[in-house]
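Q: Listed here are the chains, written in short residue letters.
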Amino acid sequence: MTLSLGVRAVYIATAEAGDDEMARRIADHQMRRGPEWTTRAEPLDLVAALKATDGQGPRLVDCLTLWLSNLMFAGRDWRQAGQELVSALAVQDDPVVIVSNELGSGIVPENKLAREFRDAAGLVNQWVAAGSDEVWLAVAGLPLKVK
Amino acid sequence: MTLSLGVRAVYIATAEAGDDEMARRIADHQMRRGPEWTTRAEPLDLVAALKATDGQGPRLVDCLTLWLSNLMFAGRDWRQAGQELVSALAVQDDPVVIVSNELGSGIVPENKLAREFRDAAGLVNQWVAAGSDEVWLAVAGLPLKVK
Amino acid sequence: MTLSLGVRAVYIATAEAGDDEMARRIADHQMRRGPEWTTRAEPLDLVAALKATDGQGPRLVDCLTLWLSNLMFAGRDWRQAGQELVSALAVQDDPVVIVSNELGSGIVPENKLAREFRDAAGLVNQWVAAGSDEVWLAVAGLPLKVK
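Top to bottom, those sequences are chains A, B and C.
Take the first sequence: its letter number 95 is residue 94 in numbering that gives the first Met the number 0, and every next letter is one higher.
Take the second sequence: its letter number 59 is residue 58 in numbering that gives the first Met the number 0, and every next letter is one higher.
Take the third sequence: its letter number 79 is residue 78 in numbering that gives the first Met the number 0, and every next letter is one higher.
In short, the hints are calculated from the structure, not lab data.
Just so you know, not all the hints are guaranteed correct.
[What the hints assert, rightly or not] Listed below are the simulated DSS-like cross-link pairs for lysine-lysine, each with C-alpha atoms no more than 25 Å apart in a straight line:
#1 C:K144 to A:K144
#2 A:K144 to B:K111
#3 C:K144 to B:K144
#4 A:K146 to B:K144
#5 C:K144 to B:K146
#6 B:K111 to C:K111
#7 C:K146 to A:K144
#8 B:K146 to A:K146
#9 A:K146 to C:K144
#10 B:K144 to A:K144
#11 B:K146 to C:K146
#12 A:K146 to C:K146
Required output: the full structure, derived from the provided sequences and hints.
A: In structure tokens form, the structure reads like this:
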């Protein structure tokens, strides 16, 4: 399947090819994007990426969970970054679609860092969802309207 | 965010501060509750807590999953306790809102106890949901009506 | 609860009793099925099972996730098998209901095989859902219409 839009669009990628598996996932994603997509890699400063791309067409941020992981791994203040992201989203002219993940519907992990990460992801998802015009849950690849 | 209702309400807490992390989670939850909330801690006997608080306003039970965990850890018969809870819920005058968790949407855990716990949680969720007037799924903090 | 339909139906079971726990799960499932159910065990060749049972009433395939696990464990090409299943489903006369599982809403597992499995399960769920007339998400045992 190719993501074809008929208009130019910007793919804001938060993933970094830290190992072979991640590099392969990134390459898989790139192959699915048609020629109208411009890719902008931004592991940490999503606010700057949004500002720089406003006016270039709709933006797809893929994904919020990896961005959060990058922030925590870099020792950044993810709470502050999350709030700044929500503020920046509110003043965009071109549409922004943000992909995120549910991490909290399995067994509570034994790993303490994993527990902190899923707590943080739940909060960031809530903040961004609260500020979004629409929220959709993907179930087996199908959209379910939440908001 | 403060949970403010404008009426008095009862928070039935099933969590116990078994370690520092849990104590911090409990303190976080307490801070979010406004002055109209009365807290009643009840790790095991939810039926008694519901009976004792009926007539004191709406009750929020937080959460069913920890209650089940407490039952299993104490060696109680969780199937019988679950059925007794459903029977007790059916005869309450004041409303009861029960928070629970989906545990079964991750990879099947390698830990046998974790597998038994998620099986049990799935059953208790089904029993309570079947007897409830409304069921909502929280997605990124937003409510999705199931029933 | 007994699954009683009033018409004869076929239960296509993909599970194999590889250990005591699985044998007990299978026995639990069998007890819930009324006398109108015929059981057909088929761990790998779902297409053959569908072809052989078309005309015998509605079929319930339980479940897609174990089938995929069996394919991967047997070293089969699960991508090809998944596509063949979707093609076979499109030409069935009697209805087919397929049970599957969401595996991807927990923390990303540390186990590489588990990551591959949940990626594969997500793809197979998407392929089958895309070709289905209806898709329902079970939440605490209650159906939520997705498609």
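Q: Could you tell me which of the numbered hints above are not met by this structure, giving the numbers in increasing order?
A: 2
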